Amino acid sequence: MRSRVAGARRRDRHGRGLRGPLTPPQAPVSRTRAERFDDLVDDEVRRLVQRWGRELAGVEFAVGEVPDVGPPFDGPVPLGQTFPAVGRRPVRIVVFRRPVEARASGEAELSRLVRDLLVEEVADLLGLSPDSVDPSYDFPDD
1 MRSRVAGARR RDRHGRGLRG PLTPPQAPVS RTRAERFDDL VDDEVRRLVQ RWGRELAGVE
61 FAVGEVPDVG PPFDGPVPLG QTFPAVGRRP VRIVVFRRPV EARASGEAEL SRLVRDLLVE
121 EVADLLGLSP DSVDPSYDFP DD
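Residue numbers for the sequence shown, in the UniProt record's numbering: 1 to 142.
Certain hints may be false.
Unchecked claim - Distance windows between CB atoms, simulated:
| # | residue 1 | residue 2 | range |
| --- | --- | --- | --- |
| 1 | G58 | R112 | 26 to 32 Å |
| 2 | S136 | P71 | 35 to 41 Å |
| 3 | V91 | V66 | 17 to 23 Å |
| 4 | E60 | E35 | 28 to 34 Å |
Derived from the structure by calculation, the hints contain no laboratory data.
Only a predicted model underlies this, so the values are computations on that prediction, with no experimental measurement involved.
Cβ coordinates follow ideal geometry from the N, Cα and C atoms, glycine included.
Using the sequences and the hints, build the whole thing.
Printed below as a string of structure tokens:
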């Protein structure tokens, strides 16, 4: 049995040293779900702005965690929302991360859902049909 000196730093029980991160911080796997979701939204916004840059010049895009719905709320939880311009604040399109993630069953569906949601919000804002905003828009299965 080894004796320990008071104040000596203990490494770990097998003496191999402290463990560091398994992946470098710049690797995609080390990003949080929220960060990956932000990146997904940024990619889709960039794609839409490439095509509709002039029309979307004054629009701000954001990601929120959950929508602010009151207690007597009954109905489907919104996945996104467009807020009108107020004063100096521009028109704002917000994608709500948690409801979108809860609705998607995998990464591919999450990507498609974010794309379609942003296309629908932009189409509504511009007064166009979603398929004219983005020809790859998937009509919902009703």
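* May I ask you to test the hint 26 to 32 Å on the CB atoms belonging to G58 and R112? => holds, 27 Å
* Given the range 28 to 34 Å, decide if the beta-carbon distance of E60 to E35 lies inside it. => violated, 20 Å
* To do: For V91 and V66, compare the CB-CB distance with the range 17 to 23 Å and indicate the outcome.
  => holds, 21 Å
* To do: Check the following: the C-beta atoms of S136 and P71 are separated by a distance inside 35 to 41 Å.
  => For S136 and P71 the Cβ distance comes to about 39 Å; the hint holds.
Checked against the numbered hints given earlier, the structure breaks only hint 4 and satisfies all the rest.
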